[in-house]
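J.: Spelled out from the first residue to the last, the chains are:
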Amino acid sequence: MDHLDPRVPRGSFFGLVGPNGAGKTTTLSMAVGLLRPDGGSARIFGIDVWADPVAAKQLVGVLPDGLALPERLTGRELLGYLGQLRGLDRATVARRAQELLQVLELTAAEQTLVADYSAGMRKKITLATALLHTPRLLVLDEPFEAIDPVSAATIRVILRRFVEAGGSVVLSSHVMALVEQLCDHVGVIANGRLAAVGTLEEVRGQGSLEDAFVRLVGARISTEGLSWLAS
Amino acid sequence: MAGLLTPPTPVATTRDVASALIGMRRTLARNSPGGSGTVVAFRIIGLGLAVATLLCGLIRFEEPSRSVDLVAALLLGWLIGWVMGPILVRGAGVGLRPEWFALVPIPPRRLATGLLGASFAGVAPAVTLVAFAVLPLTAAHFGVLPVLVAVPAALLELVMVVLVARVVAAGLAATMSSRRGQELGGLLMAVVIALASGGWSLATVIGQQLAAGTSPALGTALRVLPSGWGAVAVAAADRSDWPVVLAALTGLAVLSVLLLGAWARLLPVTMRRSGGRAPRAARSAAAGQPAWERLLPASPTGAVVAKELRAWRRDPGRSLLLLLALLISGLNLAVPALAFHLPAGLPWVGLAAALIVAMGAANLYGDDGTALWLTRMVPGVERADVRGRQAAWLLVVAPVMVALTVSLTAFSGQGWAWPWVLATLPAMLGATAGLGVLLSVTRPVRQKDPNRRTGPFDTGDDPNAAGALIGQQYLLLVLAALAAVPAATLVLLGGLRGQPQLDAAGVVVGVATGGLLFWWGGRVAARRLADRGAELMDLVHLGPQARTHRDPTRPPPAAAVELPRWKSAARNTLWTVGILLIVPQGLVPIGFNLFGVDQQVKVWFAARYLPQDRQTLAAAGFIAAGLLAIWWAVAIGRRHPTEEGTRS
Numbered sequence: 006m007d008h009l010d011p012r013v014p015r016g017s018f019f020g021l022v023g024p025n026g027a028g029k030t031t032t033l034s035m036a037v038g039l040l041r042p043d044g045g046s047a048r049i050f051g052i053d054v055w056a057d058p059v060a061a062k063q064l065v066g067v068l069p070d071g072l073a074l075p076e077r078l079t080g081r082e083l084l085g086y087l088g089q090l091r092g093l094d095r096a097t098v099a100r101r102a103q104e105l106l107q108v109l110e111l112t113a114a115e116q117t118l119v120a121d122y123s124a125g126m127r128k129k130i131t132l133a134t135a136l137l138h139t140p141r142l143l144v145l146d147e148p149f150e151a152i153d154p155v156s157a158a159t160i161r162v163i164l165r166r167f168v169e170a171g172g173s174v175v176l177s178s179h180v181m182a183l184v185e186q187l188c189d190h191v192g193v194i195a196n197g198r199l200a201a202v203g204t205l206e207e208v209r210g211q212g213s214l215e216d217a218f219v220r221l222v223g224a225r226i227s228t229e230g231l232s233w234l235a236s
Numbered sequence: 004m005a006g007l008l009t010p011p012t013p014v015a016t017t018r019d020v021a022s023a024l025i026g027m028r029r030t031l032a033r034n035s036p037g038g039s040g041t042v043v044a045f046r047i048i049g050l051g052l053a054v055a056t057l058l059c060g061l062i063r064f065e066e067p068s069r070s071v072d073l074v075a076a077l078l079l080g081w082l083i084g085w086v087m088g089p090i091l092v093r094g095a096g097v098g099l100r101p102e103w104f105a106l107v108p109i110p111p112r113r114l115a116t117g118l119l120g121a122s123f124a125g126v127a128p129a130v131t132l133v134a135f136a137v138l139p140l141t142a143a144h145f146g147v148l149p150v151l152v153a154v155p156a157a158l159l160e161l162v163m164v165v166l167v168a169r170v171v172a173a174g175l176a177a178t179m180s181s182r183r184g185q186e187l188g189g190l191l192m193a194v195v196i197a198l199a200s201g202g203w204s205l206a207t208v209i210g211q212q213l214a215a216g217t218s219p220a221l222g223t224a225l226r227v228l229p230s231g232w233g234a235v236a237v238a239a240a241d242r243s244d245w246p247v248v249l250a251a252l253t254g255l256a257v258l259s260v261l262l263l264g265a266w267a268r269l270l271p272v273t274m275r276r277s278g279g280r281a282p283r284a285a286r287s288a289a290a291g292q293p294a295w296e297r298l299l300p301a302s303p304t305g306a307v308v309a310k311e312l313r314a315w316r317r318d319p320g321r322s323l324l325l326l327l328a329l330l331i332s333g334l335n336l337a338v339p340a341l342a343f344h345l346p347a348g349l350p351w352v353g354l355a356a357a358l359i360v361a362m363g364a365a366n367l368y369g370d371d372g373t374a375l376w377l378t379r380m381v382p383g384v385e386r387a388d389v390r391g392r393q394a395a396w397l398l399v400v401a402p403v404m405v406a407l408t409v410s411l412t413a414f415s416g417q418g419w420a421w422p423w424v425l426a427t428l429p430a431m432l433g434a435t436a437g438l439g440v441l442l443s444v445t446r447p448v449r450q451k452d453p454n455r456r457t458g459p460f461d462t463g464d465d466p467n468a469a470g471a472l473i474g475q476q477y478l479l480l481v482l483a484a485l486a487a488v489p490a491a492t493l494v495l496l497g498g499l500r501g502q503p504q505l506d507a508a509g510v511v512v513g514v515a516t517g518g519l520l521f522w523w524g525g526r527v528a529a530r531r532l533a534d535r536g537a538e539l540m541d542l543v544h545l546g547p548q549a550r551t552h553r554d555p556t557r558p559p560p561a562a563a564v565e566l567p568r569w570k571s572a573a574r575n576t577l578w579t580v581g582i583l584l585i586v587p588q589g590l591v592p593i594g595f596n597l598f599g600v601d602q603q604v605k606v607w608f609a610a611r612y613l614p615q616d617r618q619t620l621a622a623a624g625f626i627a628a629g630l631l632a633i634w635w636a637v638a639i640g641r642r643h644p645t646e647e648g649t650r651s
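Here the protein sequences come in this chain order: F and Y.
The opening residue of the first sequence carries number 6 in our numbering; numbering runs sequentially from there.
The opening residue of the second sequence carries number 4 in our numbering; numbering runs sequentially from there.
Simulated from the structure, these hints should not be mistaken for lab results.
Errors might be hidden in some of the hints.
[Said to hold, decoys possible] Derived SDA-like pairs: lysine to any residue, alpha-carbon spacing no greater than 20 Å straight-line:
no.: 1; chain 1: Y; residue 1: Lys-570; chain 2: Y; residue 2: Arg-46
no.: 2; chain 1: Y; residue 1: Lys-451; chain 2: Y; residue 2: Ala-471
no.: 3; chain 1: Y; residue 1: Lys-570; chain 2: Y; residue 2: Ala-632
no.: 4; chain 1: Y; residue 1: Lys-451; chain 2: F; residue 2: Ala-124
no.: 5; chain 1: Y; residue 1: Lys-451; chain 2: F; residue 2: Arg-127
no.: 6; chain 1: Y; residue 1: Lys-451; chain 2: F; residue 2: Asp-70
no.: 7; chain 1: Y; residue 1: Lys-451; chain 2: F; residue 2: Gly-71
[Claimed, not checked] Across the chosen pairs, the derived CB separations fall in these ranges:
no.: 8; chain 1: Y; residue 1: Arg-526; chain 2: F; residue 2: Ile-163; range: 38 to 44 Å
no.: 9; chain 1: F; residue 1: Asp-94; chain 2: Y; residue 2: Gln-502; range: 52 to 58 Å
no.: 10; chain 1: Y; residue 1: Gly-546; chain 2: F; residue 2: Thr-204; range: 35 to 41 Å
no.: 11; chain 1: F; residue 1: Glu-115; chain 2: Y; residue 2: Thr-253; range: 55 to 61 Å
Quick caveat, the model's predicted, so the values are computed rather than measured.
Ideal Cβ placement from N, Cα and C applies to all residues, glycine included.
The task is simple: from the sequences and hints, build the whole structure.
T.: In structure tokens:
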């Protein structure tokens with residue numbers, strides 16, 4: 006990453022967009038303290054993630070993309086384990102786990118181990134682990150990928166309410182329409198640099214976010230070749 | 004645009020398929036990186052075995068039926084080797100995988116025929132053919148006609164052996180497409196690995212029976228199996244019993260056709276496997292909270308212990324590891340102890356199993372893959388995570404090993420062994436739990452993420468990682484064994500001087516060593532996990548080249564410096580030779596002499612064939628030669644990167 010400085014205002018819904026391999030996942034991983042940057046720092050509500058990791062990690066809930074989980078636990082057991090690890094009392098954990106599993110429609114898979122979950126279910130249970138300890142900032146890497154439309158709508162509602170109540174959300178996605186619909190702030194990453202950042206209106210200007218994105222990333226849509234395929 | 008597409012390409016003929024597949028296989032063999040060294044080493048060892056097999060054909064027996072038994076047994080050995088080989092060296096080979104052709108419109112039978120053709124394009128069939136030349140060589144003792152029968156018999160045996168191996172591999176792959184099947188396949192693999200390491204004891208028992216000719220049932224069994232049909236045909240040709248010759252040869256041909264058909268039927272099932280992940284299956288995990296869990300403290304450490312104990316109960320990889328340790332230890336120690344009447348071997352079965360199972364603790368964080376992120380995101384739980392893993396390990400492994408050791412020591416009636424086992428076992432168990440977490444944190448080996456594995460022994464296709472993992476596992480095994488040395492020394496002194504108080508001191512020191520290493524290893528590991536957790540996360544996520552990899556603005560990292568093929572092959576061969584010289588040819592004969600094992604037990608321990616007073620000296624010589632070979636192997640690996648460095 007090269008001098009990336011996306012400032013996420015408090016109480017905002019921030020969308021990070023960029024082409025495949027641009028560095029969205031790396032940026033988010035560094036921001037929450039999963040990866041150590043070569044230089045520079047990351048702050049959550051003014052707390053340096055590397056200087057005071059304990060305080061920073063209490064404030065943040067993370068949904069990473071494509072990482073493993075303790076695979077031999079059921080969804081409920083995973084939440085129970087995590088709650089106990091975070092020092093929450095058993096009754097609270099049990100109550101919250103029940104609600105999270107219900108809202109995210111995972112109660113039908115009560116007996117299923119995480120190892121046997123589908124991609125969408127894995128996203129949902131990971132989102133549940135991010136919400137369990139009532140964080141003030143959510144950092145979500147591609148939260149809607151592989152999620153069915155009904156669950157996606159539920160998650161959108163959860164996230165909107167969270168922001169309305171004063172929480173902040175940072176999410177990455179390569180679906181422009183989704184970011185346009187949900188976020189009030191946007192950052193565009195290309196080649197490890199921040200090509201644009203600001204409110205949605207500032208970044209997209211007059212056109213759509215997709216037009217702005219193609220312009221910023223400097224991509225060219227190929228229209229030639231493969232003549233034999235349509236002959 | 005007319006909207007009319009050109010007609011699709013026609014279906015390929017068997018000839019096209021075969022030549023394409025043979026070409027593809029050759030290209031793969033040419034392009035194969037790192038792993039090729041291992042493959043070349045296997046070929047060298049295989050060629051050695053093939054020549055040894057061939058030379059067995061020179062042995063003349065008074066009774067012709069004995070040479071038929073011998074050839075049948077040898078060919079059975081090669082058949083078993085062909086079946087076990089692909090299971091043992093998955094990922095290192097250069098074979099074609101049927102699932103690559105899942106979307107190509109080729110009928111399964113044609114694909115099977117093509118793949119069979121490609122199978123013969125490799126080196127392994129050529130090496131096997133050298134071995135199977137034992138058939139004509141043996142037939143030469145009988146006359147010209149038996150030789151003429153032996154040549155087609157050897158070729159048919161080769162085709163049959165290759166097909167059996169392919170059908171078993173395809174059957175296994177088909178089974179492995181469900182999680183339950185993966186567990187079954189894992190069990191099979193555990194048995195194969197155990198047989199590969201400890202099968203010598205069973206082979207020796209069989210070999211002795213065969214040499215003595217005391218068991219007619221064994222001879223019959225060897226002839227009834229298809230691997231013996233070639234030998235049967237040769238023997239029948241010697242008796243001019245032509246119907247039997249014809250039956251044996253036709254039998255082999257028919258069996259091959261049937262196997263090809265079976266393979267063609269299995270191929271579509273194999274190919275249906277998608278991307279490695281097992282299909283979702285409803286699986287009944289234990290509902291509710293088991294009783295033992297309520298006994299755990301409601302602390303972060305208690306949470307980790309509960310999670311780990313659940314993994315032990317539900318992850319077949321872990322239970323298989325325990326089974327594997329018991330099987331290997333049993334085959335190498337318990338079977339010989341019972342078969343050769345050496346009760347002195349029994350007290351060590353539990354200790355050996357404890358050492359082998361220690362290998363499973365060498366890469367705890369690497370085994371969990373990127374699941375580490377969860378621990379990383381919860382503030383201040385590093386100590387709980389490390390201590391919880393240590394405690395769970397001991398809770399599972401220690402009771403089994405203690406029970407095994409105590410019961411077998413009592414059963415063997417070897418009273419002298421008590422101080423030995425009581426002093427060494429606690430040291431080893433504590434060292435494993437302490438140094439295991441420490442190694443896991445300081446030198447994690449990146450593995451395929453657990454949710455992407457296709458079976459309990461699937462460590463990914465990267466031969467370098469597989470090699471690093473094995474090195475790490477042996478390192479922990481050696482460290483755990485070394486941890487027992489101080490306690491064992493005291494017990495040895497106690498025995499030599501006849502001072503029982505030294506025995507008692509040995510037991511105390513053993514327990515103290517184990518406790519100390521458990522505490523110290525966990526402490527350092529927890530501190531390191533807290534301080535360098537991000538680097539650990541980098542390593543398990545992206546591997547050793549993480550730093551350059553994750554930055555898209557930098558060019559992708561240059562390929563790691565690979566040893567040239569022959570150097571890598573030489574290194575692997577030297578390692579194998581070194582271990583063979585040190586353990587079976589050096590340490591085992593010395594141990595036999597120390598424990599006064601009957602001089603008639605010689606098996607394949609060369610030193611035992613010498614006069615008794617020279618045996619230890621010869622064994623020491625073997626150990627020295629083995630150490631030299633290993634030193635040389637290490638030197639080859641070390642020297643290489645610096646050569647590259649100075650050149651650039």
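J.: Does each hint fit the structure? Answer for all of them.
T.: Comparing the hints with the structure gives:
1. Y:Lys-570 with Y:Arg-46: holds, 14 Å
2. Y:Lys-451 with Y:Ala-471: Given that 20 Å is the threshold and the Cα spacing comes to 14 Å, the pair holds.
3. Y:Lys-570 with Y:Ala-632: OK: Y:Lys-570 and Y:Ala-632 at ~14 Å, within 20 Å.
4. Y:Lys-451 with F:Ala-124: With Cα atoms ~17 Å apart, Y:Lys-451 and F:Ala-124 stay inside 20 Å; holds.
5. Y:Lys-451 with F:Arg-127: holds, 17 Å
6. Y:Lys-451 with F:Asp-70: holds, 16 Å
7. Y:Lys-451 with F:Gly-71: holds, 12 Å
8. Y:Arg-526 with F:Ile-163: 38 to 44 Å: holds, 41 Å
9. F:Asp-94 with Y:Gln-502: 52 to 58 Å: holds, 56 Å
10. Y:Gly-546 with F:Thr-204: 35 to 41 Å: holds, 39 Å
11. F:Glu-115 with Y:Thr-253: 55 to 61 Å: holds, 58 Å
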